[in-house]
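K.L.:
Going line by line, the protein sequences match chains E and D.
Going by my numbering, the first sequence opens with residue 1, and the numbers climb by one from there.
Going by my numbering, the second sequence opens with residue 1001, and the numbers climb by one from there.
Calculated from the structure, these hints are not laboratory results.
All residues carry an ideal CB built from backbone N, CA and C; glycine is no exception.
Check before you lean on any hint, since a few could be wrong.
[What the hints assert, rightly or not] According to the in silico footprint, chain D covers these stretches of chain E (three or more CB under 8 Å from chain D): (1) 26 to 34; (2) 83 to 91.
[Claimed, not checked] For lysine to any residue, the following SDA-like pairs were computed, each having C-alpha atoms within a straight-line distance of at most 25 Å: (3) D:1106 <-> E:21; (4) E:18 <-> E:6; (5) E:66 <-> E:101; (6) E:18 <-> D:1132; (7) E:18 <-> D:1106; (8) E:18 <-> D:1013.
[Unchecked claim] Chain D is nowhere near these chain E residues, computed Cβ spacing over 12 Å in every case: (9) 22; (10) 63; (11) 109.
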Amino acid sequence: MTTTEQTPVVVVGVDGSKESLAAVAWAQRYANATGAVLRVVVAYLWPQAYGYPMMFEGFDPASDAKGVAEQVVSGLALPADRIATRVVEGPPGGVLVADSADADVLVVGARGHSGIDKLTLGSISRYCVHHATVPVVVVR
Amino acid sequence: MSEDTTTQHVRAPAVVVGVDGSTDSDAALRWAQSYAQAAGATLQLVTCWESPMGFGTAYSMPDLHPVQSAHTVADKAAAQLTLPPAQVGVIVKEGSAREVLVEMSKNADLLVVGSHGHSRVGGLLIGSVSSYCTHHAASPVVVVRDGPAKRHAGNHVE
């Protein structure tokens, strides 16, 4: 099928965690059911010290983020013209809310890498639910 | 209308949507209906009511009919739907909405709630029920806000 301006867009926030892969699976099913384009968004931040980005040898969050996006895309069962990716520098909550503003729904995992068992909802998913202007799906 | 063939459902997926008559819950209902159409899911509308309590005892007031009001809200919401009746269920239950919805999410594939109920005050980013559901539900949760539809917000059906 050809995608047009009217094709719905599902944005899924990915950070490489297992939970975010569950969000991708949900988003893919939704995209299949609705004929939507699936937009995979990975946000990354350069750690800062005194306002300056810190450079460590061999440390490249931009490239890591791109790798996460590519790995997710390689696992998708959607035609290529229904997949989009964005790798964006910035705080993940803000990036996802801004990126989904022109989309139809935002999908995120309930938790990311936090690994704290008692945490029922991660900071990014909470931020998205509070601030997104589109419906937000929290996947667990 | 496409079937969701990528999942191994033996039964149709079950969507639960919290209904309280607020504009956000109306938006949640419209979203849930679009999703149910696209995914071939059943849709359960759930409205909760509680008796007002004073000093640990339920009391009644002449013009207060919580059960009847809840049924009115639920029926009004169901009347807005265009899904085939066999695909829709309406449940009116006594209890706190947050607890009832989380309990129902244990047997659902998706829980859909409005971001606020009737409580849009003071710039509150999210209501207490939707917040509780996103933290505690057993299923994925969709939080929907009232507002202008972006494009056709998931109404696209193959």
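K.L.:
Are the hints correct? Go through all of them and say.
P.N.:
Results for each hint:
no., hint, result
1, 26 to 34, "holds (count 7)"
2, 83 to 91, "violated (count 0)"
3, D:1106 <-> E:21, "21 Å, holds"
4, E:18 <-> E:6, "32 Å, violated"
5, E:66 <-> E:101, "22 Å, holds"
6, E:18 <-> D:1132, "23 Å, holds"
7, E:18 <-> D:1106, "21 Å, holds"
8, E:18 <-> D:1013, "23 Å, holds"
9, 22, "9 Å, violated"
10, 63, "31 Å, holds"
11, 109, "10 Å, violated"
Hint compliance for this structure: hints 2, 4, 9 and 11 are not met, and every other hint is.
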